[in-house]
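Novice: Go ahead and model the full structure; you've got the sequences and the hints to work with.
Line by line, the protein sequences give chains X and P.
Position 88 (the first sequence) corresponds to 88 in UniProt numbering; numbering is contiguous.
Position 168 (the second sequence) corresponds to 168 in UniProt numbering; numbering is contiguous.
Hints should not be assumed to be uniformly reliable.
Heads up, simulated SDA-like pairs for lysine to any residue below, C-alpha to C-alpha not over 20 Å straight-line [stated by the list, open to error]:
hint, chain 1, residue 1, chain 2, residue 2
1, P, K115, X, G26
2, P, K115, X, L325
3, P, K99, X, D228
4, X, K54, X, G242
5, X, K54, X, Q251
6, P, K115, X, R330
7, P, K99, X, D227
8, P, K115, X, D205
9, P, K99, P, L111
10, X, K54, X, N80
11, P, K115, X, D228
12, P, K115, X, Q251
Derived by calculation from the structure, the hints in this document are not laboratory data.
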Amino acid sequence: MVDPPHRPAVPPQSSLPAADPATAAGWVDAPPRMGFFTDTSVCIGCKACEVACKEWNGVPTAGLDLLGMSYDNTGALTANSWRHVAFVEQPRPAGHGTASFAGNPTGDPAGPASAARSAGTVTQPGTEPGLLPGEPPAAARMTEFLGMPAAGPPGRTGSAEGRSDFRWLMMSDVCKHCTRAGCLDVCPTGALFRTEFGTVVVQEDICNGCGYCVSACPYGVIDRRVDDGRVWKCTLCYDRIGAGLTPACAQACPTESIQYGPLDELRERAAARVATLRERGETQARLYGHDPDDGVGGDGAFFLLLDEPEVYGLPPDPQVTTRDLPAMWRRAGLAALAMTAAAVGAFLGGRR
Amino acid sequence: MNRDRPAVGDRFRRFRAGRRGGEELAVPPAEFTSYYGRPILKPPVWTWEIAAYLFTGGLAAGSSLLAAGGQLTGRAGVRRAGRFAALAAVTASAGLLVKDLGRPERFHHMLRVAKPTSPMSVGTWILAGYGPAAGLAAVAEVAPLLPTRGPLGLARRALPPVGRAAGLAAAVAAPALGTYTAVLLADTAVPSWHEAYADLPFVFAGSALASGAGVGLLAVPPAQAGPARRMAVAGAGLELFGAHRVETRLGLLGEPYRTGRPGRLLRAGRALTVAGVAGAVLGRRSRLVSAVSGAALLAASVATRFGVFHAGVASARDPKYTVLPQRARLDRRAADPGR
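Specialist: Next comes the structure, spelled out in structure tokens:
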């Protein structure tokens with residue numbers, strides 16, 4: 001048997017030009033690649049982006065949904081939520097990583113136990129797989145202070161001695177519009193396509209709901225609606241940007257946490273912003289999805305984060321699954337040969 | 001090669017050890033962080049139909065190989081059983097695949113494009129070629145029942161050669177049909193499927209051969225079932241070898257194949273495979289023992305396919321299978337930037 005396939009730890013350069021997926025997809029004279037830069041350091045968690053997206057795109061509501069785990073009652077990106085504001089509570093001074101905290105400053109109202117309890121809550125967003133329950137131990141481990149705060153802001157006890165440092169992390173998540181998009185690669189109907197702006201969009205009149213893209217997305221973004229059987233996700237407001245408008249979420253964002261524009265420009269702006277934040281002592285500030293050499297060739301929608309990606313529910317090192325597809329076909333070919341040889345041998349290998 | 005994999009397993013064993021004992025939630029080991037413990041990936045929306053199709057597709061492939069072997073070596077009973085089983089299995093496959101779609105009435109949209117980057121598209125075209133061939137080969141078996149005169153008499157004379165050509169065409173497509181489904185599963189972000197891509201095709205090829213052999217053992221008298229017995233041995237060997245590698249080579253990502261419902265299904269599959277092969281070889285003089293062995297091999301294939309299917313789903317549902325291997329990869333890259 002051959003050795004297990006060796007794969008370099010650093011993804012090999014794609015044969016496609018990573019910078020311009022629209023041209024690689026066959027567009028002639030494509031406009032500049034457009035994208036989102038979501039700067040979570042100025043997100044205030046107002047969820048105007050979630051609402052604006054639903055309004056403009058006619059995305060169905062999920063009714064009254066309370067998850068009881070934090071101020072986040074959306075829970076995840078689904079076919080019925082194309083923007084999702086993640087909400088993380090951390091009892092630690094700004095600028096520290098996840099491991100610096102010891103001790104619970106406010107006692108009972110919230111903590112690992114309540115986090116573990118609320119991890120199991122789900123609502124029915126009308127999609128599949130939709131929003132799934134979490135693992136209680138993992139939720140308890142996420143931060144050491146969790147759940148709905150008590151009557152007052154946590155850490156405020158009225159006296160200087162009792163005060164603790166505390167921070168809220170908020171982040172508006174969205175489809176990443178990958179340079180090398182797994183969903184698009186595996187779609188067997190051609191329903192998913194690359195637009196002239198370099199974004200990835202589902203054609204709702206083509207999709208037959210096979211669900212392959214759902215399993216192929218390394219970020220867990222694309223999702224299927226139960227009542228209509230098709231997959232849905234952010235289109236980066238294909239209809240708006242084609243008419244020169246700003247996508248609904250970026251238009252609605254009151255703090256310019258969501259910035260829309262040509263990707264090159266956004267990357268420059270993001271690099272400057274992260275440098276500024278680090279200068280000011282925010283040592284944990286980092287960009288996510290900005291690097292054209294990462295496992296998906298860089299994201300069309302990238303982020304400035306203040307902690308590790310997995311704290312926000314993002315994979316730390318996503319890779320497009322089709323990167324290994326040639327090796328997969330080779331192994332399948334070898335197995336097919338073995339199968340043929342076994343059948344031939346079975347009929348030639350004896351008289352009875 | 002993969003010198004880092006045991007490290008992941010070690011980390012996980014420490015994580016498991018840390019979780020045991022008294023205050024599980026109060027003193028959680030900070031082995032990985034996640035967003036409220038919720039999955040990062042969306043687990044497959046595919047339901048039992050796809051797991052069942054993994055079986056029926058493999059059964060069709062194995063049966064067509066058996067039928068072609070019977071055809072070429074003059075074993076009419078083997079040929080007939082293989083062709084009928086192949087037609088039944090491929091018909092069931094098509095039904096299961098269409099039923100699993102969110103929009104079944106749009107199944108023909110699969111035929112709009114041919115995309116080598118989509119194993120599902122490749123599989124569609126394999127099935128589109130294999131299905132009619134397998135169907136024609138099975139229909140040709142009814143030729144002796146037709147009247148000797150009139151238009152049906154013409155069919156009676158024309159069908160056998162057509163069936164022979166179709167049977168060979170189906171056998172050529174069969175190995176592709178039996179192994180592409182492994183790529184279908186591996187070409188996803190589902191951690192335990194993707195990382196098993198080197199070995200899953202051998203599990204599926206072996207399982208397909210063993211189920212085809214099961215048809216032979218069930219349908220023909222032991223005196224004619226020699227090739228089926230040998231096919232069962234070869235298939236079981238391939239399958240057990242592949243499954244062993246899947247369970248042991250993947251470190252943390254092999255765990256879903258060993259634990260819970262998928263672990264039980266795969267153990268049952270292994271036990272049934274061993275029992276089926278042993279019965280086929282040792283009970284070669286007994287019609288009953290041979291038939292029971294054939295049934296055991298078919299059941300083994302069902303259990304193995306459902307086990308592999310559910311192991312992948314379990315790996316996508318738990319964020320640790322997403323975060324820990326990716327963290328380990330980042331650590332490796334940080335330790336050795338030149339790699």
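Novice: A separate judgement is required for each hint: does it hold in the structure or not?
Specialist: Structure-based check of each hint:
no.	hint	in the structure
1	K115(P) x G26(X)	holds, 15 Å
2	K115(P) x L325(X)	holds, 12 Å
3	K99(P) x D228(X)	holds, 14 Å
4	K54(X) x G242(X)	holds, 19 Å
5	K54(X) x Q251(X)	holds, 13 Å
6	K115(P) x R330(X)	holds, 17 Å
7	K99(P) x D227(X)	holds, 15 Å
8	K115(P) x D205(X)	holds, 19 Å
9	K99(P) x L111(P)	holds, 17 Å
10	K54(X) x N80(X)	holds, 8 Å
11	K115(P) x D228(X)	violated, 25 Å
12	K115(P) x Q251(X)	violated, 37 Å
Checked against the numbered hints above, the structure breaks hints 11, 12 and satisfies the rest.
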